[in-house]
Amino acid sequence: MKREKTYRILGLAILGIVFLFALIGWIHTPYDPDKMNGQTKFLAPCLAHLFGCDQFGRDVFSRVAVGCGTTFLISVAVVSIGAALGTLLGAFSGYIGGAFDRILMRISDIIASFPSIFLALVMIGIIGTGTPNLIVSLGIVFIPTFARVVRSEYVVQKELDYVKHAKLMGTGILRIMFIHILPNCRRSLLSTLTIAFNSAVLAEAGMSFLGLGVQPPTASLGRMLSEAQSNLLRAPWVAIFSGLFILFAVLGFGLLAASFSERS
Amino acid sequence: MKYVAKKILVLFGTLVVLSFLVFVAFQAVKGDAALSQLGDNATKEQVEALREELGLNDFILVRYGRWLSGAVRGDFGNSSNYSMTVKELMRDKITVTVQLAMISLGLILLIGLPIGIASSGIRSTAGDIAAGVFNQIVMAIPPFFLGIFITWLCGLVLAWFTPGGYVSLSENFKEGIHFLFFPALAIAIPKAFMLIKFIRDSMAGQKSMGYVRTARSKGNSHGRVLYKHMLKNALIPVITFFAMIVAEVFAGSIVIEQVFGVPGIGRLLVVSIANRDFNVILAIVLYIAVIVLTANAVVDVLYHILDPRVSLE
Amino acid sequence: MAFLEMNGLTLSVPEAGRGRKIAADQITFSMQEGEILGIVGESGSGKSITALSILGLNAEEIQIEAGSIVFEDDELLDNKEKDWLALRGSRISMIFQEPMTSLNPVMKAGPQVEEMLLLHEPALAEEQRKSRVLEIFAEVGLKDPEEVFDQYPHRLSGGMQQRVMIAMAMICKPKLLIADEPTTALDASVQDQILALMRKLNESYGVSILLISHDLRVIHSICSHVLVMKAGRIVEQGEIEAVFYHPKETYTKNLLAAIPTSTEDDFLKREQNLSQEAEVTFAVKDLTKSFLIKGERLFGPKTRQVIFQDLSFEVKKGEFVGLLGESGCGKSTLCKCICGLEMPDVGEITFPQAVRENRKPRISMVFQNPYSSMNPVKKVGWILEEPLRLSHVPAETRSARVKAMMEKVGLDETFAKRRMDQLSGGQRQRVAIGLALMEEPDLVILDEPVSALDVTIQAQILALLKQLKKELGLTFLFVSHDKNVVYEVCDRIFRMEEGSLREVTGKESEQ
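Residue numbers (the working numbering), protein chains in the order written: chain H, 124 to 387; chain B, 771 to 1083; chain E, 7 to 517.
FYI, nobody ran anything at the bench for these hints, they're computed from the structure.
Be careful, since some hints might not be right.
[Claimed, not checked] Cut-off 25 Å, straight-line C-alpha distance, at most; resulting in silico cross-link-like pairs (PhoX-like, lysine-lysine):
no.: 1; chain 1: E; residue 1: Lys-384; chain 2: H; residue 2: Lys-290
no.: 2; chain 1: E; residue 1: Lys-476; chain 2: B; residue 2: Lys-998
no.: 3; chain 1: E; residue 1: Lys-136; chain 2: E; residue 2: Lys-322
no.: 4; chain 1: H; residue 1: Lys-287; chain 2: E; residue 2: Lys-86
no.: 5; chain 1: E; residue 1: Lys-409; chain 2: E; residue 2: Lys-322
no.: 6; chain 1: E; residue 1: Lys-476; chain 2: B; residue 2: Lys-772
[As the list claims (entries may be wrong)] Here are some, though not all, of the chain B residues that point toward chain H, as calculated from beta-carbon distances under 8 Å:
no.: 7; residue: Val-786
no.: 8; residue: Leu-788
no.: 9; residue: Ile-907
no.: 10; residue: Ile-918
no.: 11; residue: Cys-924
no.: 12; residue: Leu-928
Every residue, glycine too, gets a C-beta built ideally from N, C-alpha and C.
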């Protein structure tokens, strides 16, 4: 009870901060995030530049804000693809069962045994780098996550008497699946959503860090971190702030996920 | 025994299917190898002749068969990026990555098991929440951020090792271990805390079980209930979790090798993807698949041996 | 000084919103050595937490507000942790409702019992411990003690598991045994054996027993004294005969009256309002059903298990027919075949009226577990409207018909806006019945509709069914394992045993 509440409040508060930055990034940043300035090169955090400046004199605060926005948008796109297709696939697989289900689950078991960043790398290896490709690859990677959760819910739910009731009444299969059963999966779906967001943020940052995700000049937190690496001693703040915001986003969703698992 | 045999059979089947799918996918996106080898000025006939010579005109299954028969002998063709065979390219790097992974796994167990078991005995609610939040924070640290932090602290500030440098273990063990230990630490810390969380959750899940109440009704002390009764029940699912940890360690090494400049498989994979060096990618994907799937199969068998409720038949 | 004396014990539990709720209020009773005392009450009456507090085993969120528990001159509520550890298992021990989950699944049966000696008689050598365990195993009626010793709990049957639990509880020869619903999870025949064993132990060891049960029949069969609890209070207490045959309190009277007591004789003597109509609702002819089950070997052939064979019977319009049988006799499968959820291997089931009107037969069903048979996230009104929506009844008529139906099954119309998971078991079962009657069914199958309910709620639902039977003239098939219930409400009864069917007519002996 208490644990669930603490986790949820903390998680929402942290996500609120990240979201606030994302909003700033979308609406108005104090400086042009891509504008280079020789005079502010390696400038330490001060009142004018709260998070300091990087090796090209760009304002880190503005770049972090834009990066948060990018991360948010990519994660939402990725998770939507995974959730929509995964739920559909999992629902049919679980409800219909039989050979279709066995094959599908065998495949997603195998896929799920690989870490998402590795799968995303393979997908990128096949279809190439760039933001749209990153979204598609990560989206596909998250399909099995949702499919497995939804499928196991359907396997349980379809045996419950309320579904038999519905069948006896002559309810159509699609109506049973999506009007009767689906609302009963909302809890596990919600908790899977938070877990998926948690790993999507991490995977996006990781891919961008490796230079295989968001391409320059678009600001992204992972990319900033990898660029900051070579100037660690001269301007540690670039690494600290970009890294910290990745951590915040991951932690926020992690805490929310933990609060959901406490509840059940 | 039959169960084990079946597992091995399934493992090989899965590997074949998986490699076939990746092979086909790569063939589809690879473009014409003959064309790229000869350049744009080649005549149609020249291209056709080379295609024939390379066997590119054969049916996809035939080509896959040829690749597979090479692969089982360790021959994965040539790298297009480096002018050497994939086998030569990978040999030393596999050793490095395996060493890195072993040290990471050791660290995960060394940190994760004792802390996980000890911290699941915390009885006060506040302490438990604090431990849980701390756990979440450590798990949320992106491994590359942690890697950069360790580089900064241990490499630059404390100067325990030279960032960007590397000495292999076989060359100089004492010096080489520095270049593996710190990357391993960066991989291990978040995963160790995942293990801690898993153990804590598993133990917490046992608390409401009937047998725990029975154990208390017998006059067992809190500690005895925890360690004599709950621990074994709670650790059985942890074994399945370990397969995931093995997979995560190898995935973690992809990124961490990049951060620390460790010349392993992970770094090679990233470079090869950026250069679309398909023979190398295919070999590395297969290599990681073998490790992950084998770890899963072993864990499955172990689970069946350790849990009396599921029989091996 | 009494053996066990509880004085004004008051316990509180945290409530969903904030604050605390009293769950046991001023519990005062005493117990003599060698006595078997029963505590009876419906779910939520506070009987379990009262008993658990004697061993200090209640969950942490349950707080003791006031009172005292004195056991053999010791005030238990003053106990320190180490006093509790010394008390539990050696002087007072306990057995629980679910023997399967009460035993440690990864520990063999023998060592679990042996642990008691390890804790309370540490001086014993290993061989002595083992022989003591084998001895007590024989004592509690386990046929092959050596074999049971080395088995994991899941390899034992429910009855054997409970015997192991009893062996564990008794091995240190405690003065008091607390048994919390020890027979509820077991089959009827095993229940009697376990109760007999407890009576035997009471006589031979002189162990006092505190037996907690919701089942008055269980209490009556072995207890000498009884406490009746309701909503955290003791309503009545005294000697068993006095309470059972001359109850003073209304609640006790209602509780006793609610127990269905009809016997076969009552049923045969009762004038049956058998349908005079010649119209057959449904006819079952030569019905056979079997399932393929996995063979012993991995790739070996599957074997066929016959559930029932060549069943034939007819049910006429307006009849209330009972189908009586123990669990696993095939009655559920028969129901599934009748309503079309399973296909029989051979034979046919016909509904003449539906055939004549050239439509599918309308069969509705009420299931046993009211918590899984209704969609928990939907509102009552939505659920009751669903069949009408499916047959395209216009929206205005729908809500009027739902309202009428809710009145018929005794639900206030405000319930329409409530979600299913906010309803109690009895209310849910009323919704289920309402749903079953929504569209003039040819047949209503009631599959153990009252088995999961508390006895007073059970009586209310049975009364509702009797009333509906009279009002509506519909055909019902009432399936149950509880013969008293079946004898009480049904007009005709079929008994199902090992896949064969026989009608109860009082003339069986002649066959």
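A quick look at each hint next to the structure:
Our distance criterion of 25 Å between C-alpha atoms is met by Lys-384(E) and Lys-290(H), whose separation comes to about 17 Å. Of the pairs offered as hints, the one joining Lys-476(E) and Lys-998(B) is violated, with about 61 Å between alpha carbons and a cut-off of 25 Å exceeded. A threshold of 25 Å between alpha carbons decides the hint, and for Lys-136(E) with Lys-322(E) the separation of about 63 Å lies outside it, so the pair is violated. With a CA separation close to 53 Å, the supplied pair Lys-287(H) and Lys-86(E) exceeds the 25 Å bound.
Taken as a hint, the Lys-409(E) and Lys-322(E) pair is broken in the structure, with Cα atoms around 30 Å apart against an allowance of 25 Å. For the suggested pair Lys-476(E) and Lys-772(B), the alpha carbons sit about 62 Å apart, so the restraint of at most 25 Å is broken. Hint status for Val-786(B): violated, given a least beta-carbon distance of 12 Å to chain H, over 8 Å. Because the closest C-beta pair between Leu-788(B) and chain H is about 7 Å apart, less than 8 Å, the hint holds.
A least Cβ separation of about 6 Å between Ile-907(B) and chain H falls short of the 8 Å threshold, and the interface hint therefore holds. Nearest Cβ of chain H to the Cβ of Ile-918(B): about 5 Å, under the 8 Å cut. The hint holds. Nearest Cβ of chain H to the Cβ of Cys-924(B): about 12 Å, over the 8 Å cut. The hint is violated. At about 13 Å, the closest approach between the beta carbon of Leu-928(B) and any beta carbon in chain H exceeds 8 Å, and the interface hint on this residue is violated.
Comparing the model with each numbered hint stated earlier shows that hints 2, 3, 4, 5, 6, 7, 11 and 12 do not hold.
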